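S.K.: Take these sequences, add in the hints, and give me the full structure.
Taken in order, these protein sequences are the chains called A and B.
Adding 30 to a residue's 1-based position in the first sequence gives its number in the numbering used here.
Adding 30 to a residue's 1-based position in the second sequence gives its number in the numbering used here.
If you are wondering where the hints come from, they were derived from the structure by calculation, not from laboratory data.
One or more of the hints may lead you astray.
Pairs involving identical chains hold if they fit within one copy or between any two copies, as the list cannot separate such chains.
Unchecked claim - Restricting the straight-line Cα-Cα distance to at most 30 angstroms, the calculated cross-link-like pairs of lysine-lysine (DSSO-like) are:
#	residue 1	residue 2
1	Lys263	Lys188
2	Lys82	Lys188
3	Lys113	Lys82
4	Lys148	Lys188
5	Lys226	Lys113
On a predicted model such as this, the values are computed, not experimentally measured, just so you know.
Protein chains: 2
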Amino acid sequence: MHLRVVLVEPEHDGNVGSVARLMKNFDFDELWVVNPQTPLGDEAAAFASHAKNLVQSAVRVDVLDEALKDVSLAAGTTSILPKRTANVLRTAVTPEEFTRIVGPIKGTVALLLGRESKGLTNLELEECDLVVSIPTAYHYRALNVASAAGIVLYELWKSQHGSRRLYIEEADRASRRRLVEMFDSLCEEALILPYKRRLAVRAFLNVLSRAPASSRETSLLLGVVRQSIQRLKGEF
Amino acid sequence: MHLRVVLVEPEHDGNVGSVARLMKNFDFDELWVVNPQTPLGDEAAAFASHAKNLVQSAVRVDVLDEALKDVSLAAGTTSILPKRTANVLRTAVTPEEFTRIVGPIKGTVALLLGRESKGLTNLELEECDLVVSIPTAYHYRALNVASAAGIVLYELWKSQHGSRRLYIEEADRASRRRLVEMFDSLCEEALILPYKRRLAVRAFLNVLSRAPASSRETSLLLGVVRQSIQRLKGEF
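M.R.: This is the structure we're talking about:
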């Protein structure tokens, strides 16, 4: 699936820049702008930060149709919930459903984001194959356009790269158990009463398992416990 | 769980306003600002849109400690990945893991977002119980502070309210089957060849099931198919 972000008549440079930055954050690079109401100048570049090139390479077209000519699927975004389930036009999917639907698509998927003041019109939504809406509190549904873009692009990133933990190399069960056994020995050397000791050992295991602790964290703790035992035994 | 959003030395009014707006979008209302480097004036109000009241009611404090005095857990955000898994300070969880960890907490959870220019310092992260990092492309990790806030608040909203589809009342299997039977009758009346007819009926069922169609959509389609049959039969 290849994504094309289509901003329809954006009114503020800052938002165009913010969307470009988010696209780079989540590794998308094709930005189209339909009839912009803003110059796409210095302010867009400032908000884009390290994604200025995406603003510069944005494809500008006069009408929406041009941006949708060659796409496999066009998805419009809206914050306006249908008042009745009978409203077929605004029968929207969540960003997560959107990612599941478009994930297997080979061609280009266009994600349309509307003007800051009033979003996409009914006519524009009718051009779309699918309508996406982000779940929010009912009392304030309208997200800023860049906020909406960020959430949908984040969900797409997750669906493509998984939401696995990136930064923690989990300790295996054996090293967790070894640490807990050492902790038990420490309790013994520290003359903790047996019933307290059993509870404390279980508490320590609970915390390690629930966290769960990384292998680095486990080995750092192991070092402390081991050395404490050695000191208690008067080994140095 | 009660959430407190803590902006640490924000540098731009627009971002404070954007974070306030996102908080209202996702139904959080407690904003603290530590030593702001920006006036929190008209521009913050403009970006806050219908959440101006959150900017006005923001609690201002001089040092981070004051914002963390009474919390159950403080979570810092960072885009800076540890270079080695041995880095214990920046061993971060994803926003999804964050929501799972803080969901069962009864007290206040503080979510810290750093300055636009350089995020949270190591000292500030050391004050935190937990570090959260949003998965992004490696070539451009740094999200705008409001974008980061939006994604974490969105995940919290989902974890609290479910990510069920909000807008579609799914058709039950019986009404989908009724529609498909009618479509089969239409094929018959339209003199579609039998082998084509079987394939077309299956294709139609596939599309309806894979979508899946809502009850309103199904009944609208049923109306068309039924009336087409009647017309073909010359009933009116």
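S.K.: All hints are to be evaluated individually against the structure, with a verdict given for each.
M.R.: Going down the list of hints, with the structure as the test:
{"no.": "1", "hint": "Lys263 - Lys188", "in the structure": "neither (51 angstroms within a copy, 52 angstroms between copies)"}
{"no.": "2", "hint": "Lys82 - Lys188", "in the structure": "within (24 angstroms within a copy, 32 angstroms between copies)"}
{"no.": "3", "hint": "Lys113 - Lys82", "in the structure": "between (40 angstroms within a copy, 27 angstroms between copies)"}
{"no.": "4", "hint": "Lys148 - Lys188", "in the structure": "both (29 angstroms within a copy, 25 angstroms between copies)"}
{"no.": "5", "hint": "Lys226 - Lys113", "in the structure": "neither (60 angstroms within a copy, 40 angstroms between copies)"}
Hint violations for this structure: numbers 1, 5, all remaining hints satisfied.
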